[in-house]
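Chains as they are written, first to last, in this note's numbering: chain C, 1 to 390; chain G, 1 to 390.
Simulated from the structure, these hints should not be mistaken for lab results. Just so you know, not all the hints are guaranteed correct.
Which stretches of chain C does chain G cover? Using the computed rule of at least three CB atoms under 8 Å from a CB of chain G, they are [what the hints assert, rightly or not]:
no. : segment
1   : 200-213
2   : 216-224
3   : 248-262
It should be emphasised that the depicted structure is a prediction, and the values quoted were computed from it without experimental measurement. Think of the CB as a built atom: it goes at the ideal place given N, C-alpha and C, for glycine as much as any other residue.
Number of protein chains: 2
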Amino acid sequence: MNDFRFYAPTYFCFGRESEKDIGELVRRFGGTKVLIHYGGGSIKQNGVYDRVVASLREAGIPFMELGNALPNPRSGLVYSGIELCRKEGIDFILAVGGGSAIDSAKAIAAGVPYDGDFWDYYKTGKPIDSALPIGTVLTIAAAGSEGSPDSVITHESGMYKCGASGEALRPKFSILNPESTCTLSAYQTACGITDIIAHVCERYFTNTKNVEITDRLCEGVLKTMIEESPKVMANLQDYDARANIMWAGMVAHNNICGVGRDQDWNSHNIEHELSALYDVAHGAGLSVVMPSWMKYVLHHDINRFAQFAVRVWGCDMNFSNPEITAEEGILRLRQFLSSIGMPATLFDLGAKEEDIPALAAHLFEAKQEPLHGFMDLYRKDVEAIYRLAL
Amino acid sequence: MNDFRFYAPTYFCFGRESEKDIGELVRRFGGTKVLIHYGGGSIKQNGVYDRVVASLREAGIPFMELGNALPNPRSGLVYSGIELCRKEGIDFILAVGGGSAIDSAKAIAAGVPYDGDFWDYYKTGKPIDSALPIGTVLTIAAAGSEGSPDSVITHESGMYKCGASGEALRPKFSILNPESTCTLSAYQTACGITDIIAHVCERYFTNTKNVEITDRLCEGVLKTMIEESPKVMANLQDYDARANIMWAGMVAHNNICGVGRDQDWNSHNIEHELSALYDVAHGAGLSVVMPSWMKYVLHHDINRFAQFAVRVWGCDMNFSNPEITAEEGILRLRQFLSSIGMPATLFDLGAKEEDIPALAAHLFEAKQEPLHGFMDLYRKDVEAIYRLAL
Numbered sequence: 001m002n003d004f005r006f007y008a009p010t011y012f013c014f015g016r017e018s019e020k021d022i023g024e025l026v027r028r029f030g031g032t033k034v035l036i037h038y039g040g041g042s043i044k045q046n047g048v049y050d051r052v053v054a055s056l057r058e059a060g061i062p063f064m065e066l067g068n069a070l071p072n073p074r075s076g077l078v079y080s081g082i083e084l085c086r087k088e089g090i091d092f093i094l095a096v097g098g099g100s101a102i103d104s105a106k107a108i109a110a111g112v113p114y115d116g117d118f119w120d121y122y123k124t125g126k127p128i129d130s131a132l133p134i135g136t137v138l139t140i141a142a143a144g145s146e147g148s149p150d151s152v153i154t155h156e157s158g159m160y161k162c163g164a165s166g167e168a169l170r171p172k173f174s175i176l177n178p179e180s181t182c183t184l185s186a187y188q189t190a191c192g193i194t195d196i197i198a199h200v201c202e203r204y205f206t207n208t209k210n211v212e213i214t215d216r217l218c219e220g221v222l223k224t225m226i227e228e229s230p231k232v233m234a235n236l237q238d239y240d241a242r243a244n245i246m247w248a249g250m251v252a253h254n255n256i257c258g259v260g261r262d263q264d265w266n267s268h269n270i271e272h273e274l275s276a277l278y279d280v281a282h283g284a285g286l287s288v289v290m291p292s293w294m295k296y297v298l299h300h301d302i303n304r305f306a307q308f309a310v311r312v313w314g315c316d317m318n319f320s321n322p323e324i325t326a327e328e329g330i331l332r333l334r335q336f337l338s339s340i341g342m343p344a345t346l347f348d349l350g351a352k353e354e355d356i357p358a359l360a361a362h363l364f365e366a367k368q369e370p371l372h373g374f375m376d377l378y379r380k381d382v383e384a385i386y387r388l389a390l
Numbered sequence: 001m002n003d004f005r006f007y008a009p010t011y012f013c014f015g016r017e018s019e020k021d022i023g024e025l026v027r028r029f030g031g032t033k034v035l036i037h038y039g040g041g042s043i044k045q046n047g048v049y050d051r052v053v054a055s056l057r058e059a060g061i062p063f064m065e066l067g068n069a070l071p072n073p074r075s076g077l078v079y080s081g082i083e084l085c086r087k088e089g090i091d092f093i094l095a096v097g098g099g100s101a102i103d104s105a106k107a108i109a110a111g112v113p114y115d116g117d118f119w120d121y122y123k124t125g126k127p128i129d130s131a132l133p134i135g136t137v138l139t140i141a142a143a144g145s146e147g148s149p150d151s152v153i154t155h156e157s158g159m160y161k162c163g164a165s166g167e168a169l170r171p172k173f174s175i176l177n178p179e180s181t182c183t184l185s186a187y188q189t190a191c192g193i194t195d196i197i198a199h200v201c202e203r204y205f206t207n208t209k210n211v212e213i214t215d216r217l218c219e220g221v222l223k224t225m226i227e228e229s230p231k232v233m234a235n236l237q238d239y240d241a242r243a244n245i246m247w248a249g250m251v252a253h254n255n256i257c258g259v260g261r262d263q264d265w266n267s268h269n270i271e272h273e274l275s276a277l278y279d280v281a282h283g284a285g286l287s288v289v290m291p292s293w294m295k296y297v298l299h300h301d302i303n304r305f306a307q308f309a310v311r312v313w314g315c316d317m318n319f320s321n322p323e324i325t326a327e328e329g330i331l332r333l334r335q336f337l338s339s340i341g342m343p344a345t346l347f348d349l350g351a352k353e354e355d356i357p358a359l360a361a362h363l364f365e366a367k368q369e370p371l372h373g374f375m376d377l378y379r380k381d382v383e384a385i386y387r388l389a390l
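From just these sequences and the hints, can you work out the full model?
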């Protein structure tokens with residue numbers, strides 16, 4: 001096991017009516033004037049916005065609003081948000097929505113006290129150690145940004161999708177009310193499920209030896225997703241399935257499952273090109289990329305993939321030929337993703353075979369070659385992984 | 001799933017040489033004058049004390065010492081510690097040791113700013129919301145107190161062993177260096193393993209339905225313990241096994257595995273009489289009580305015990321008679337505990353059959369009848385559970 005640090009000081013309110021605590025929590029964590037940052041406006045239809053505003057009003061906390069944080073959130077809105085916060089003396093940002101609203105809020109929070117261009121953090125990867133405090137009100141189980149120190153933004157000049165991270169970005173509090181996710185469509189729900197599974201897999205496929213505790217926690221989250229996802233796809237109003245998935249989404253990404261081990265993140269890196277350039281949902285992109293990445297790197301550690309197959313998917317171990325078991329695990333993941341309506345190929349996303357060289361080239365404009373991880377990936381490897389997704 | 005709150009803002013430094021950060025962390029969390037609180041003095045033989053003191057000195061932080069926090073820590077030392085802290089203007093307590101030193105430090109931390117008798121908290125169970133900040137340097141994987149808001153103290157007047165809890169008791173930071181646990185004896189190690197397993201089981205046996213995510217996390221921690229414990233018992237110096245067990249011990253008890261579900265804690269309640277009156281190790285007492293409690297409550301929910309048997313112990317499900325599977329799981333736990341050298345009967349602890357009525361009577365002097373949990377337990381039930389441990 002590797003040495004590590006783990007610090008996850010987010011206060012979680014989970015369950016029905018948990019929005020009631022928002023005003024009190026904003027005050028507890030030092031907010032006196034709030035920016036509510038949200039997405040396309042669905043929160044104004046499903047009642048979430050009203051509950052948030054009622055709690056702030058009851059606590060006597062003034063607030064402003066900034067909407068339009070869209071999927072694959074863009075730099076332009078971040079710049080507007082930073083300007084607004086500075087002008088209005090905002091000292092707390094409340095993100096209401098999914099990973100897009102939260103990641104956009106985090107970027108604004110980092111930008112306000114920073115003298116330079118907020119994009120510096122995303123371009124260079126330097127840790128963000130100063131930001132306005134933020135809280136979140138989660139409306140989709142997916143990104144895990146409600147409990148993570150991470151943020152991913154797409155820069156409109158060149159459509160580079162890059163991540164930044166830092167202790168200051170961990171939300172002070174997060175409100176998780178599974179009821180708020182019951183109005184999501186089947187497709188949105190499935191995209192979230194895929195993202196959660198990917199967050200675990202990016203940690204699971206590691207070169208670090210002797211990491212039984214985090215292996216087992218990863219497997220536990222994955223088995224939960226396998227068990228609960230069909231329930232919620234069959235009945236989008238299933239509160240308990242929504243609740244299990246919502247908490248699994250947090251556990252999958254606050255790093256309790258990832259400490260002490262090298263992590264991968266190359267399915268994410270390779271996917272980001274797809275969602276940035278074709279503006280598809282991140283989860284849909286991951287559904288295409290992740291099994292292809294697995295097929296490509298399988299021989300790097302057949303036993304780890306066999307473990308994935310046996311422990312997560314319940315496959316029988318083929319002791320005379322573990323590779324068959326390893327391949328079966330990947331196939332089972334592929335079948336699972338198809339069963340919840342997720343795409344399988346680049347074509348399903350609107351990409352074409354001839355786009356592949358440009359996709360790989362664009363990736364390495366923003367990132368250094370090779371991509372480090374479970375296996376180092378050079379441009380030729382990334383192209384091959386895209387080809388496996390045709 | 002039940003609604004819940006989860007807030008675990010402890011900063012963990014895990015790994016070799018992690019003591020180096022102590023001085024800096026004390027400063028970060030506001031300490032300017034430290035009380036180092038420890039147990040019987042083993043930390044002065046195994047190098048831990050020297051590393052702690054070196055880090056405080058390097059950071060220029062003055063400190064005093066209070067030793068002798070023994071297993072099943074007593075109220076007398078807590079009163080002395082409170083007096084010392086007040087007299088000397090101590091503003092941070094650093095517990096160096098296992099659960100006993102940490103729980104004793106928590107009680108002192110709670111008592112310093114409190115006008116009344118610190119025991120009020122333990123007697124009444126009222127939440128502790130004000131305390132001096134504490135940090136921990138863990139030397140045995142067991143109690144999970146390094147990441148929990150809980151403390152258990154034995155009052156010398158009457159030998160009542162009671163717990164208190166509160167957000168203010170969560171350590172600000174905890175230093176987990178698995179090397180520091182490599183000097184423990186096989187018996188101490190096994191007692192710690194038993195305590196960790198019990199912390200998960202107290203959460204696992206629940207009446208709350210649809211809690212797949214926490215079920216799976218509980219199972220993951222238990223499977224880790226089953227996998228790693230024989231390694232460490234075979235080689236007490238096995239760093240990686242020690243590391244897995246040490247992190248599992250934290251995960252088992254910071255409540256990430258217990259949120260959203262009713263919990264039990266009656267094996268602990270019933271055990272506390274044994275460790276308070278016979279002064280045996282808490283883990284040894286649990287090894288006797290826990291399987292007996294399981295046998296007694298088995299019929300309350302046979303399927304849950306069958307799930308425990310199949311998912312945790314890998315038993316084959318007997319579909320025509322699940323009770324056989326359920327019983328097999330309890331037997332497997334019993335065999336596992338014996339395999340690591342833990343006692344099986346009250347006699348092994350020095351108790352006699354004729355002590356049982358007095359044990360049960362003493363329990364209900366400090367606690368209300370019935371004990372609530374997976375099954376409500378009246379005095380006759382507690383006596384029956386002790387009898388099953390003969």
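Results of checking the hints against the structure:
Here's how the segment 200-213 of chain C fares: 5 of its residues keep a CB closer than 8 Å to some CB of chain G, so the rule of at least three is met and the hint holds. Chain G is given as covering the segment 216-224 of chain C, and this holds because 7 residues of the stretch bring a CB closer than 8 Å to a CB of that chain, at least three being needed. Counting residues of the segment 248-262 of chain C whose CB falls under 8 Å from any CB of chain G gives 5; the rule of at least 3 is met.
No hint from the list above goes unmet by this structure.
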